[in-house]
Amino acid sequence: MAYQPVKYYQTGTFTVGNRLLPPEIRTVQANLRRTNSLNSGHRACQGCGEALGARYAIDAAMSATANQLVAVNATGCLEVFSTPYPETSWQIPWIHSLFGNAAAVATGVAAALKAKNRKDVRVIAQGGDGGTTDIGFGCLSGMFERNDDVLYICYDNEAYMNTGVQRSSATPPAARTATTSAGNVFSQGKNLPLLAMAHGIPYVATATIAELHDLEAKVKRAMELRGARYLHIFVSCPLGWGHEPDASVRVARLAKESGLFPVYEAEHGEVVSVSKIRRRLPVTDYLKPQRRFAHLFSPVEKTDIIARIQAIADRNIEKYRLVDA
Amino acid sequence: MRKPFAITLDPGSSLVNHTGSWRTLRPQYVDRLPPCNHACPAGENIQGWLALAESGDYEGAWRKLVEENPLPAVMGRVCYHPCESACNRAELDAAVGINSIERFLGDEAIRRGWGLAKPEFSSGKRVLVVGAGPSGLSAAYHLARLGHEVEIHEAGPLAGGMMRFGIPKYRLPREILDLEIRRILSLKVKLALNAKVANVEQAMKEGRFDAAFLAVGAHIGKRAYIPAGASAKILDAISLLRSMEGEEKPMLGRRVVVYGGGNTALDVARTAKRLGAEEALIVYRRTREKMPAHDFELEEALQEGVLVKWLSTIRQAEAGSITVEKMTLDAKGFPQPTGELETLAADSVVLALGQDVDLSLLNDIPQVEIKDGVVRVDPGMMTGHPGIFAGGDMVPSERTVTVAVGHGKKAARHIDAWLTGKRYGKEKGELAPFARLNPWYYADAPKTVRPLLDIVRRQSTFDEVVGGLDEKSALFEARRCLSCGNCFECDNCYGVCPDNAVIKLGPGRRYQFNYDYCKGCGLCAAECPCGAIEMVPEEI
Numbered sequence: 001m002a003y004q005p006v007k008y009y010q011t012g013t014f015t016v017g018n019r020l021l022p023p024e025i026r027t028v029q030a031n032l033r034r035t036n037s038l039n040s041g042h043r044a045c046q047g048c049g050e051a052l053g054a055r056y057a058i059d060a061a062m063s064a065t066a067n068q069l070v071a072v073n074a075t076g077c078l079e080v081f082s083t084p085y086p087e088t089s090w091q092i093p094w095i096h097s098l099f100g101n102a103a104a105v106a107t108g109v110a111a112a113l114k115a116k117n118r119k120d121v122r123v124i125a126q127g128g129d130g131g132t133t134d135i136g137f138g139c140l141s142g143m144f145e146r147n148d149d150v151l152y153i154c155y156d157n158e159a160y161m162n163t164g165v166q167r168s169s170a171t172p173p174a175a176r177t178a179t180t181s182a183g184n185v186f187s188q189g190k191n192l193p194l195l196a197m198a199h200g201i202p203y204v205a206t207a208t209i210a211e212l213h214d215l216e217a218k219v220k221r222a223m224e225l226r227g228a229r230y231l232h233i234f235v236s237c238p239l240g241w242g243h244e245p246d247a248s249v250r251v252a253r254l255a256k257e258s259g260l261f262p263v264y265e266a267e268h269g270e271v272v273s274v275s276k277i278r279r280r281l282p283v284t285d286y287l288k289p290q291r292r293f294a295h296l297f298s299p300v301e302k303t304d305i306i307a308r309i310q311a312i313a314d315r316n317i318e319k320y321r322l323v324d325a
Numbered sequence: 001m002r003k004p005f006a007i008t009l010d011p012g013s014s015l016v017n018h019t020g021s022w023r024t025l026r027p028q029y030v031d032r033l034p035p036c037n038h039a040c041p042a043g044e045n046i047q048g049w050l051a052l053a054e055s056g057d058y059e060g061a062w063r064k065l066v067e068e069n070p071l072p073a074v075m076g077r078v079c080y081h082p083c084e085s086a087c088n089r090a091e092l093d094a095a096v097g098i099n100s101i102e103r104f105l106g107d108e109a110i111r112r113g114w115g116l117a118k119p120e121f122s123s124g125k126r127v128l129v130v131g132a133g134p135s136g137l138s139a140a141y142h143l144a145r146l147g148h149e150v151e152i153h154e155a156g157p158l159a160g161g162m163m164r165f166g167i168p169k170y171r172l173p174r175e176i177l178d179l180e181i182r183r184i185l186s187l188k189v190k191l192a193l194n195a196k197v198a199n200v201e202q203a204m205k206e207g208r209f210d211a212a213f214l215a216v217g218a219h220i221g222k223r224a225y226i227p228a229g230a231s232a233k234i235l236d237a238i239s240l241l242r243s244m245e246g247e248e249k250p251m252l253g254r255r256v257v258v259y260g261g262g263n264t265a266l267d268v269a270r271t272a273k274r275l276g277a278e279e280a281l282i283v284y285r286r287t288r289e290k291m292p293a294h295d296f297e298l299e300e301a302l303q304e305g306v307l308v309k310w311l312s313t314i315r316q317a318e319a320g321s322i323t324v325e326k327m328t329l330d331a332k333g334f335p336q337p338t339g340e341l342e343t344l345a346a347d348s349v350v351l352a353l354g355q356d357v358d359l360s361l362l363n364d365i366p367q368v369e370i371k372d373g374v375v376r377v378d379p380g381m382m383t384g385h386p387g388i389f390a391g392g393d394m395v396p397s398e399r400t401v402t403v404a405v406g407h408g409k410k411a412a413r414h415i416d417a418w419l420t421g422k423r424y425g426k427e428k429g430e431l432a433p434f435a436r437l438n439p440w441y442y443a444d445a446p447k448t449v450r451p452l453l454d455i456v457r458r459q460s461t462f463d464e465v466v467g468g469l470d471e472k473s474a475l476f477e478a479r480r481c482l483s484c485g486n487c488f489e490c491d492n493c494y495g496v497c498p499d500n501a502v503i504k505l506g507p508g509r510r511y512q513f514n515y516d517y518c519k520g521c522g523l524c525a526a527e528c529p530c531g532a533i534e535m536v537p538e539e540i
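Protein sequences, first through last, are from chains A and B. At position 276 of the first sequence (counting the first as 1) the number is 276 in the numbering used here, and the numbers step up by one without a gap. At position 426 of the second sequence (counting the first as 1) the number is 426 in the numbering used here, and the numbers step up by one without a gap.
Hints may be right or wrong, so weigh each one.
Said to hold, decoys possible - Listed next, with one range per pair, are the computed distances between beta-carbon atoms:
#1 His-294(B) <-> Arg-280(A): 34 to 44 angstroms
#2 Arg-112(B) <-> Arg-118(A): 36 to 46 angstroms
#3 Trp-22(B) <-> Ala-182(A): 53 to 63 angstroms
#4 Leu-225(A) <-> Val-16(B): 37 to 47 angstroms
#5 Ile-503(B) <-> Arg-280(A): 53 to 63 angstroms
#6 Arg-288(B) <-> Ile-25(A): 42 to 52 angstroms
#7 Val-449(B) <-> Arg-279(A): 16 to 26 angstroms
#8 Glu-342(B) <-> Arg-280(A): 51 to 61 angstroms
#9 Glu-471(B) <-> Glu-24(A): 44 to 54 angstroms
As the list claims (entries may be wrong) - No more than 25 angstroms apart at the CA atoms, straight line, and that leaves these computed lysine to aspartate or glutamate pairs for DMTMM-like:
#10 Lys-276(A) <-> Asp-178(B)
#11 Lys-504(B) <-> Asp-324(A)
#12 Lys-196(B) <-> Asp-178(B)
#13 Lys-3(B) <-> Asp-285(A)
#14 Lys-3(B) <-> Glu-24(A)
#15 Lys-447(B) <-> Glu-87(A)
#16 Lys-220(A) <-> Glu-299(B)
#17 Lys-302(A) <-> Glu-244(A)
#18 Lys-472(B) <-> Glu-301(A)
#19 Lys-276(A) <-> Asp-93(B)
Hints in this document: simulated from the structure, not taken from any laboratory. Quantities reported herein were computed from a predicted structural model and do not represent experimental measurements. All C-beta atoms in this analysis are idealised placements derived from N, C-alpha and C, irrespective of residue type, glycine included.
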């Protein structure tokens, strides 16, 4: 485990901070002097999971690198809502080029820093699932293969939200999008954390916005290592998924607790730790609050499709040993 | 500044974009009333003192506790803790052991000798308190802290009332009681013992008192007519328990029958066991479910070998035996006789059928209304006679030490208002039910169980049955508190806001919303563990 939950401090390490915990094991987010890398005034929707996830991750990276950080951003919601010309919400050196080339640009930035012998300055590339799993995948795979010294963070909200909720290769089976009005087809999907692991890079991890301590520990671990690293963060999207804005953290929590989104970390292609499910739930608990899955429940409940989704969760739980036997 | 091609504007920060204008719902910090505080008959701020105990500040916690209740070590032993019955944590695993933490704080205060500050202010008003039971002592304590001169007139030889003459030693050791009474008297409260007040008005005139609080308790055991032979030994429970405080222990014989189903009946049966009775049998006319005694007390009594004969009444008592009749419950749940009789051996019969109040001190005051043997009081605890207040067992209420202590406090605050020409009223906040919490954030933590005395010693000695918690388990237990409805600075709102619209003000100062940027998504309210944030419609 990347971090050990503290028991019996009323809420232990489940909350962001806790006045009873020693400061060194509180989160970066609990700190009065966190960088707020993604600052107020950005134009993300109410309750945006991606805005939350990006601040969590980049603040943690800033803390881990003594603020010596450059971020390269792919096109997508995160780029659009944070930098409408001429404003920016970023309080870090930040660069955007094209939709599909974030990994390549980051490779270039890392190469430039190497040429200037600036080992202290670290590079992060970040993008949504569209810019990562579809459009940017070629560049990303190359970055992995060359083991360039970049941490690539994918904020996965499972569709192209910025342009109006179109299907991506990260859209889960049965989810309704603007381009899959009857629900996404069942297929193999594109599991990017596993593809990243297949490259044998030093570090691959998944996280959700519902478990801040885990997320921060993974960013910190990633910044301790050199070479190509990949962090896949599950971020909910109230607009595209059709849930209440105040449910963003809860939906992410349900994704993990149902087993649909396994949270783990891997080094050099091998899983080294998993975040266990605390209270196992059926997938319907996760599906029901989201309108993109409403067609599974009305006018008639599509029990066969729900059973197939449950089978995915069960398979994850078995494969990653998400529940203690 | 010369700008590159196609660039016309200077770079700027998104802080110019006040996204607060999107908001239709506005988050607000609230303090809700925790169910424990709501249920406490003594009106303690339980959540408040637990919050201090959680951080290991036991003295601070004790001081917060005694703002409302001067008898924490007594409470931690004899209170029936309605707070725990109301505790939201019961929905997760088990209620927080509030009573055991209260006892820990009370004992810690005694061990470390924490004292009370003398009142700084003197109002020049004199108040007479009649009766040194829990209600009278509590009133005296609060009146003294409010700067009034207090004199307690107690009819008995010692202070404590039912805490001394009704509750057996194995539940409340007398040295604990004495220490907490002495602490109250240290606030310049005068105590006159063996000073029965025959007439209140006269006593007030003689002592130049501006107000009086009456709390004489209910010390007269109720009798029931039981045909009895001349040599049958019949006693009443309250006299029996009182005689336990004297030099001569009562003689009950080998087989003791107790008639009644309240806590007093259990106290008597358990006392009889400890006095050497081979058999202590409770005869009660209804069933266990209908028994007014608390279940945990019955459980402890049964462990000690007390027997209970359910659905039975005593028809007749003779020397050495009684005749009981079997009862049956009718459709409405009332016991009805069946005519089936049985003879049981009994050397003595103790009646534990409730108590009446000796109201002779009010005989000559016509304005004071008496109904069903108790004194009517208004919501401010005042009787029909201006300036004369009453509380405890002598007014209509549940007869427990905690209720009595609560009456004393309430009366003291109303007496203070009456004396100074103010009005005393307290707004009770909105309750914090379990549904308002986000229990995900609370770590699993089972309740700490208090040690129980060895069964053999419980049957033969008056040693205290229930033990206390050590510091480690008391701290653990305090930290099980969910802090329902009151911010405990977990930083969740500060963390989960996607718009950095929560300002953290630093330890002890909580948080503030930045409404310039808050979009009103409600994540802070949804993820607040203790329900201390509410979303209200924005006025447009």
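Holds or violated: Lys-276(A) to Asp-93(B), with C-alpha atoms at most 25 angstroms apart: 21 angstroms, holds
What's the verdict on Lys-302(A) and Glu-244(A), does the C-alpha distance respect the 25 angstroms limit or exceed it? Status holds; Cα separation ~23 angstroms.
Run the distance test for Lys-196(B) versus Asp-178(B): straight-line Cα separation, threshold 25 angstroms. Holds: Lys-196(B) and Asp-178(B) sit about 21 angstroms apart, inside 25 angstroms.
Taking 44 to 54 angstroms as the stated bounds, is the beta-carbon spacing between Glu-471(B) and Glu-24(A) within them? Taking Cβ atoms as reference, Glu-471(B) and Glu-24(A) lie about 25 angstroms apart, which means the hint is violated.
Does the hinted range 36 to 46 angstroms hold for Arg-112(B) and Arg-118(A) at CB? 59 angstroms, violated
Supplied distance hint 51 to 61 angstroms, evaluated on CB atoms of Glu-342(B) and Arg-280(A): This hint holds: roughly 56 angstroms between Cβ atoms.
Range first: 42 to 52 angstroms. Now tell me if the beta carbons of Arg-288(B) and Ile-25(A) are that far apart. 50 angstroms, holds
Pairwise hint evaluation, Glu-299(B) against Lys-220(A), where the allowed Cα distance is 25 angstroms at most: 55 angstroms, violated
Do the alpha carbons of Lys-276(A) and Asp-178(B) lie within 25 angstroms of each other, as the hint requires? 54 angstroms, violated
37 to 47 angstroms as the expected CB spacing between Val-16(B) and Leu-225(A), which holds or is violated: Hint holds: Cβ distance 39 angstroms, inside 37 to 47 angstroms.
Is the distance from the Cβ of Trp-22(B) to the Cβ of Ala-182(A) consistent with 53 to 63 angstroms? 33 angstroms, violated
Would you mind confirming whether the straight-line C-alpha gap from Lys-3(B) to Asp-285(A) stays at or under 25 angstroms? The hint is violated at about 54 angstroms.
When each numbered hint is compared with the structure, violations occur for hints 2, 3, 5, 9, 10, 11, 13, 14, 15, 16, 18.
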